[in-house]
Amino acid sequence: MKRRKDATQIKKDIAHQIKDLFSQKGYNATSMEEVCRVTGRSKGSIYYHFKSKEEMFMYLIKLNNEEWMEAWMAKEAAHETTQEKLFALADHYVDDMNNPLSHAVNEFMSSQVVTEDMLNDMLEVTRLPYKTYEQLITRGMERGELKKESPTDVMYVLNGLINGMSMLYYEKDLEEIRRIYKKGIEILLAGIEAPAEKMTEEN
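Under this note's numbering, the final residue of the sequence shown carries the number 1470; numbering is consecutive throughout.
Hints were generated in silico from the structure; no laboratory data involved.
Subject to a maximum C-alpha distance of 30 angstroms in a straight line, what follows is the list of computed BS3-like cross-link-like pairs (lysine-lysine):
| no. | residue 1 | residue 2 |
| --- | --- | --- |
| 1 | K1318 | K1279 |
| 2 | K1318 | K1286 |
| 3 | K1449 | K1329 |
| 4 | K1450 | K1439 |
| 5 | K1310 | K1292 |
| 6 | K1329 | K1310 |
| 7 | K1439 | K1292 |
| 8 | K1449 | K1398 |
| 9 | K1278 | K1310 |
| 10 | K1292 | K1320 |
| 11 | K1398 | K1414 |
| 12 | K1286 | K1398 |
| 13 | K1439 | K1329 |
From a predicted model like this one, the values you see are computed outputs, not experimental measurements.
Could you build the full structure based on these sequences and the hints that come with them?
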């Protein structure tokens, strides 16, 4: 058990060490020699933990998303109402758009032949926020802030809204993107917020 825990920590250490490298150079331009230099490990050591450069990068993406979710959950706790949380979630998403790793991820996905395994791995990564978003929506319904709907359906709509608008990064500056994200949340809330009189009754 201890050996397995150590191996997991080593993989995390490698991922943290190579994050800046991939962020600065992109996926294709980063060589395994550079990975070895940055981590201070031999190729044999790297390949012991990761079967390929592709697998290593996919692990980095997953770890980065997990840390994004941890940062969001810390921010979420600072807000009281569901409305406040949704606007804060939009801001958190926009704040991350300048993350240099995002560009390496886009390059990776557009330049690789997408295998079934890669697709499954990417789907696993994109599903990471699902549970957290659904819990946020469910609590809003339980508190009478949101209409009684299928929390799963609303979660999919919220996730689609947030991710779909990310393409604005290539068209607008961050402040304009932030404004449009806020507008998107306002439009979503207009459809799912409980009537004010009902909220008063349930509170």
